[in-house]
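Peer 1: The lines below spell out each chain.
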Amino acid sequence: MKETKLKFPTEEWVRVFKDEINNSEAYAEAAKHWEGDFLFIITPDGGLENEIVCYLDVWHGKCREAYIVPDRDAKKTEFIYEASYSNWKKLINGEIDPIKGILMGKFKLKGSMATIMRYTKAATELVKTARKVPTEFI
Amino acid sequence: MKKGFSMGGYVGRLLHVNLVKNESKIKPLNERYARLYIGGSGLACRILYELVDEGTNPLSPENPLVFMTGPLTGTTAPSCGKYSICAKSPLTWIWGESSAGGFFGPRLKFAGFDGIVITGRAHQPTYLYIHNGEIEFKDAIHLMGKTTFETQNMIKGELGEKKTSIACIGQAGENLVKYASVLNDGGRAAGRTGMGAVMGSKQLKAIAVQGKSHVKLADQENFNKARREATKDILESFTTSMYRELGTAGYVEIAQELGAMANKYFTKGFFDGAEKISGTAIANTILVGNKSCFACPIGHKKNVKIDTGKYAVPKTDGPEYETLAAFGSNLLVDNLEGVAYANYLCNAYGMDTISCGFTIGFAYFLYERGIIKRQSDVKGLKLKWGNIDTAIELVKMIADRDGLGNILAEGARYVGEHYGVEEYAAHVKGLEFSSQDPRAYFGMTMCYATSPRGACHMQGDMYLVDLGQEIPELGIESTDRHSNERKAEIAIRCQNFRALYNAIIMCQCANPTVTSICKLLTYATGYEVKVSEVNKIGDRIFNLKRIFNNRMGVTRKDDRLPRLIMTPLKEGGTLGNVPDFDKQLREYYRHRQWDWLSGKPTKEKLKELELTNRSESS
Numbered sequence: 001m002k003e004t005k006l007k008f009p010t011e012e013w014v015r016v017f018k019d020e021i022n023n024s025e026a027y028a029e030a031a032k033h034w035e036g037d038f039l040f041i042i043t044p045d046g047g048l049e050n051e052i053v054c055y056l057d058v059w060h061g062k063c064r065e066a067y068i069v070p071d072r073d074a075k076k077t078e079f080i081y082e083a084s085y086s087n088w089k090k091l092i093n094g095e096i097d098p099i100k101g102i103l104m105g106k107f108k109l110k111g112s113m114a115t116i117m118r119y120t121k122a123a124t125e126l127v128k129t130a131r132k133v134p135t136e137f138i
Numbered sequence: 001m002k003k004g005f006s007m008g009g010y011v012g013r014l015l016h017v018n019l020v021k022n023e024s025k026i027k028p029l030n031e032r033y034a035r036l037y038i039g040g041s042g043l044a045c046r047i048l049y050e051l052v053d054e055g056t057n058p059l060s061p062e063n064p065l066v067f068m069t070g071p072l073t074g075t076t077a078p079s080c081g082k083y084s085i086c087a088k089s090p091l092t093w094i095w096g097e098s099s100a101g102g103f104f105g106p107r108l109k110f111a112g113f114d115g116i117v118i119t120g121r122a123h124q125p126t127y128l129y130i131h132n133g134e135i136e137f138k139d140a141i142h143l144m145g146k147t148t149f150e151t152q153n154m155i156k157g158e159l160g161e162k163k164t165s166i167a168c169i170g171q172a173g174e175n176l177v178k179y180a181s182v183l184n185d186g187g188r189a190a191g192r193t194g195m196g197a198v199m200g201s202k203q204l205k206a207i208a209v210q211g212k213s214h215v216k217l218a219d220q221e222n223f224n225k226a227r228r229e230a231t232k233d234i235l236e237s238f239t240t241s242m243y244r245e246l247g248t249a250g251y252v253e254i255a256q257e258l259g260a261m262a263n264k265y266f267t268k269g270f271f272d273g274a275e276k277i278s279g280t281a282i283a284n285t286i287l288v289g290n291k292s293c294f295a296c297p298i299g300h301k302k303n304v305k306i307d308t309g310k311y312a313v314p315k316t317d318g319p320e321y322e323t324l325a326a327f328g329s330n331l332l333v334d335n336l337e338g339v340a341y342a343n344y345l346c347n348a349y350g351m352d353t354i355s356c357g358f359t360i361g362f363a364y365f366l367y368e369r370g371i372i373k374r375q376s377d378v379k380g381l382k383l384k385w386g387n388i389d390t391a392i393e394l395v396k397m398i399a400d401r402d403g404l405g406n407i408l409a410e411g412a413r414y415v416g417e418h419y420g421v422e423e424y425a426a427h428v429k430g431l432e433f434s435s436q437d438p439r440a441y442f443g444m445t446m447c448y449a450t451s452p453r454g455a456c457h458m459q460g461d462m463y464l465v466d467l468g469q470e471i472p473e474l475g476i477e478s479t480d481r482h483s484n485e486r487k488a489e490i491a492i493r494c495q496n497f498r499a500l501y502n503a504i505i506m507c508q509c510a511n512p513t514v515t516s517i518c519k520l521l522t523y524a525t526g527y528e529v530k531v532s533e534v535n536k537i538g539d540r541i542f543n544l545k546r547i548f549n550n551r552m553g554v555t556r557k558d559d560r561l562p563r564l565i566m567t568p569l570k571e572g573g574t575l576g577n578v579p580d581f582d583k584q585l586r587e588y589y590r591h592r593q594w595d596w597l598s599g600k601p602t603k604e605k606l607k608e609l610e611l612t613n614r615s616e617s618s
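Top line first, the protein sequences correspond to chains G and U. Quick note, the first sequence lines up with residues 1 to 138 if you use our numbering. Quick note, the second sequence lines up with residues 1 to 618 if you use our numbering.
For the record, the hints were derived by calculation from the structure and aren't laboratory data. A couple of the hints might just be wrong.
Covered by chain G, per the in silico footprint, the following chain U stretches (three or more residues, Cβ under 8 angstroms) [claimed, not checked]:
#, stretch
1, 234 to 241
2, 246 to 260
3, 278 to 289
4, 462 to 474
The C-beta atom is built at its ideal place from N, Cα and C for all residues, glycine as well.
With the sequences and hints as input, model every part of the structure.
Peer 2: Okay, here's the thing in structure tokens:
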């Protein structure tokens with residue numbers, strides 16, 4: 001049977017992403033002490049016309065909440081991870097990794113460096129989890 | 001600027017000091033050299049090229065010692081407050097250079113000089129006081145045996161000038177420890193290649209500088225605009241955020257994840273205890289504040305303090321990434337306070353933490369294998385992995401040249417030769433390996449193998465490029481860290497760019513655009529520096545250091561990586577990976593236009609780089 005692909009970024013994609021996070025033992029181990037929520041901001045390019053913002057509350061290796069919010073001011077979070085749509089696509093496709101993306105200037109990160117640096121493995125596992133979501137891009 | 005010297009940014013004069021006669025002369029800076037080699041280690045190499053040869057003993061009076069600034073030192077250009085110390089290295093017997101931040105470099109220029117060329121050996125311990133265009137030779141007998149911190153405080157007390165910077169040696173420099181460093185402005189260290197031992201060999205305990213003049217620029221208004229642009233570039237960078245909050249120590253977790261950080265003397269792929277010695281751990285425990293060098297918007301240096309216990313230290317410079325590796329993961333030590341104390345001791349005695357930590361690591365490696373005997377030289381010490389107290393004791397023994405310390409004071413290459421196991425010593429050309437493992441970043445393969453000062457990550461930081469930091473203006477692009485394709489070619493561009501950095505001298509923590517750097521140089525000096533010329537300027541300086549080393553006997557067979565680094569690891573971020581050394585070296589030589597047999601740049605290459613003067617090509 002052909003696998004149903006989910007459009008990125010949509011509410012449905014985010015919901016499945018949340019389930020994949022909660023099914024990932026590798027992420028649970030790498031992020032078992034993580035506390036802090038994110039805004040993932042996807043700025044328009046490559047076919048995406050409007051900015052899309054996703055809220056993600058990850059806590060001790062599990063995802064408690066994940067959903068699309070109206071705009072970047074809708075939620076105050078500890079961390080913001082921001083890039084253009086085409087760069088998010090590269091990240092999910094495994095063409096760049098989350099830390100390299102920042103150093104290459106393709107992603108911007110706001111938040112405590114002290115916390116982020118302790119969880120580079122967790123960031124990698126989070127991206128691996130995203131790759132498990134059957135994804136269709138615009 | 002002095003009459004006859006037309007370039008801005010420079011003072012236009014060098015102070016030549018003869019310690020034998022307690023004499024000094026002021027000589028004009030060669031303007032052609034300044035244009036071709038810029039300043040810092042580039043300009044110093046051009047000066048030393050004529051004064052040193054293969055037979056020169058680095059610890060003899062015949063080995064000159066050069067302190068050099070750059071055209072942006074002492075200006076408001078961001079992160080350009082550094083100075084270089086250069087000489088033939090007593091550790092490697094090839095090109096030696098080291099640099100430090102703080103305020104010494106700017107104050108040397110404010111005192112009226114671009115640099116100091118020191119020859120001879122003083123008849124008795126001496127320190128120099130250079131102030132407002134004048135020099136005094138001062139007795140330093142009372143300073144002998146004092147730490148670098150004590151020396152700085154005592155000289156400041158004697159001179160009574162608040163805005164004085166003192167570059168000095170500690171006991172390690174006095175005792176000619178081959179990797180003795182020079183410290184200034186508290187804990188700012190010019191660590192690598194043993195410049196402190198060269199100072200010690202000259203009975204030169206310290207140089208104090210102070211002055212009130214200003215650096216004149218060719219075009220102040222446009223320089224100010226360029227400065228604002230460069231500062232904006234720096235502040236927007238991710239690495240700046242990391243350095244500001246955590247210092248270079250912020251890189252520990254990434255380095256462990258990728259397998260770049262040395263564990264158990266390069267034999268282990270991952271160290272579980274690394275998170276206890278990370279930048280985050282420092283921030284959460286012993287950190288008491290940031291320190292900035294002159295005109296630096298980053299402030300990556302961190303002050304730490306430990307109030308009680310056997311590792312108590314006063315407020316002092318904290319360990320940076322390389323020190324956390326050398327005295328931490330390299331020895332499988334997860335005791336942060338112990339590592340901070342070892343760092344403090346190295347600074348106090350005046351020793352390079354990288355060479356010292358990794359030479360001790362080599363001793364642990366040999367002790368485990370029964371090569372260093374358990375009772376004889378070691379005075380009952382247990383050189384066991386994870387034991388920081390033994391490392392601390394060895395630091396003291398090295399500085400004092402006591403027992404096993406006397407052997408370790410000669411560096412890892414000598415230790416390997418002494419025990420008949422030279423092939424296990426992790427060094428290149430005599431300089432101890434640092435902690436950007438080529439098994440994690442294939443781009444570091446050529447950087448380490450061909451660096452003019454040996455196994456050094458500061459003459460080409462391809463680890464950052466392999467991590468993702470690109471410089472599109474120079475064609476420096478990031479590729480897969482475990483790919484060999486085009487790595488040698490990209491590494492050359494990276495080395496050339498950092499050769500320019502080390503000449504300017506700009507701190508490598510700061511990465512404005514190349515365009516911004518060119519504008520700063522152009523408006524400071526009055527001579528246009530184009531982005532398209534940057535690679536060639538760096539290429540010239542890099543090749544100048546190469547032909548210096550060729551004169552010291554360096555050939556292709558010295559361009560190598562140690563056996564341990566070429567051994568695949570069974571775990572961690574490097575898992576089974578080793579670079580294809582031969583492929584990279586062949587490509588490197590082809591792109592560099594170096595002769596495969598002799599290891600020298602070809603005549604055509606020298607001509608292209610205007611290095612064909614008789615003295616430069618002999």
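Peer 1: Does each hint fit the structure? Answer for all of them.
Peer 2: Hint by hint, here is what the structure shows:
With 3 residues carrying a beta carbon less than 8 angstroms from a beta carbon of chain G, the stretch 234 to 241 of chain U meets the three-residue requirement, and the given coverage holds. With 7 residues bearing a CB less than 8 angstroms from a CB of chain G, the stretch 246 to 260 of chain U meets the requirement of three and the coverage assertion stands. Check result for the stretch 278 to 289 of chain U against chain G: holds, 5 residues qualifying (beta carbon to beta carbon below 8 angstroms, three or more required). Only residues whose beta carbon comes within less than 8 angstroms of a beta carbon in chain G count, and the stretch 462 to 474 of chain U has 5; three or more means the coverage holds.
Checked against the numbered hints given earlier, this structure breaks none of them.
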